[in-house]
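Going down the list, the protein sequences come from chains R and C.
Its first residue numbered 1, the first sequence is counted upward by one per residue in my numbering.
Its first residue numbered 1, the second sequence is counted upward by one per residue in my numbering.
Among the hints, erroneous ones may be present.
[What the hints assert, rightly or not] List of simulated lysine-lysine pairs, DSSO-like, C-alpha gap at most 27 Å:
hint, chain 1, residue 1, chain 2, residue 2
1, R, Lys134, C, Lys104
2, R, Lys131, C, Lys75
3, R, Lys49, C, Lys110
4, C, Lys171, R, Lys139
5, R, Lys139, C, Lys104
Since the hints were derived computationally from the structure, they do not count as laboratory data.
As a plain string of letters, each chain reads:
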Amino acid sequence: MIFTKPYSGWQKKHKMIKKSKFKGLSLHVIPYSEIRDLSIGERVKKVLKLILGSRIVIIQGRLRPEEEARLIEDTMAMVEHIKNFKGIELAVIEPNMKEENLLIRMKHGLAKRLVGESSALTIIGPSSLVKEIKKDPKKMEVLLG
Amino acid sequence: MLRIIKKFSKRILATLFGRKDNIKIGFYGPPNAGKTSLANKICKDWTGEEIGVVSKIPHETRHVQFKEKVEIKHKGKVLMFKMVDTPGIATKIDYEEFIKFGVKKKDAKKRAKEATQGIIESIQWLDDMDAVIVVIDASENPYSQVNITIIGNLVARKIPLLIVANKIDLKKANMKKVENAFPEYEVVGISAKEGINMDDFYEALFRLAKKA
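Just chain R, same shape as in the assembly (with noise of 0.2 Å):
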């Protein structure tokens, strides 16, 4: 995973950097066992109470597509009601098990099973933070805005 700051040639770059006085990244990391027994609409409210507070959260694990589902509808509830809340970014990594060999997708399927999908990355952030998350089967690229 790589974090960058969208420019292009070196002279913009200095000249950012000057400008902007990068303040630093908030990242808040959040393990699978302290979301694991939550309901949809706590894990949500988690969320976006950290995502309002500016900071990009790293979820391990992923959110069920009901929950992905959930959290955008209150984002959207939230864009209308709350000044300069434009929405979020998100995405999540998992590991290509198709390119394993059945020994290892059997592990991991056992895995899954007994302590749940806790081998994907979910990452979630404010889209005033986050400009793009570029993402593709070998790479995921966080641009900030």
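Please build the complex by placing chain C on the supplied structure of chain R, with the hints as guidance.
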């Protein structure tokens, strides 16, 4: 739980009484993928009138639009369905994006507000669909989280889906990339605007309706 029971009983009734003539097919996808363009193309081909307005400005469709009893006759087969065209799903809405397209600030803010409500509406309508056509832009990166979230939700709800890679007439379009991104699903490449590959699309639509 209630949703599963509702869906199950609906399927049982449909099987018992053969009521498969009024299925709801939804058009889902990110903004500007061409959902309304495709819906218009189908409507124009089979009913003679369009369903909605299309535009280069994202979030042109901000309310769910319907067309009752769309009847398609293709190679001796007939399919009747209710068409549900939904607003594009996104994770962020910035009114300043609309200003770049020449929209006035006041209108851009209004558009943004309506777009957020449209997204909520789209998601809430998911449960009511019998089958869904996921329209994605073949010239964009298919690995976007919105595409994955939509497909994930359809799979979780056991709603049959067909992926339509639109805009294959564009130079940047990459069908292979779309197919590689979603190897478990049927992907049909079309251009709704130019009417390219519509025959294959209608074939796939009949197959989708059969699963609903």
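So, going through the hints one by one against the coordinates:
The straight-line distance between the Cα atoms of R:Lys134 and C:Lys104 is roughly 30 Å, outside the 27 Å bound, and the hint therefore fails. Taken as a hint, the R:Lys131 and C:Lys75 pair is broken in the structure, with Cα atoms around 48 Å apart against an allowance of 27 Å. A hinted pair counts as satisfied when its Cα atoms are at most 27 Å apart, and R:Lys49 with C:Lys110 qualifies at roughly 26 Å. The hinted pair formed by C:Lys171 and R:Lys139 meets the criterion: a straight-line CA distance of about 25 Å does not exceed 27 Å.
Only pairs whose Cα atoms come within 27 Å are accepted, and R:Lys139 paired with C:Lys104 is rejected, the gap being roughly 38 Å.
Checked against the numbered hints above, the structure violates hints 1, 2 and 5; every other hint is satisfied.
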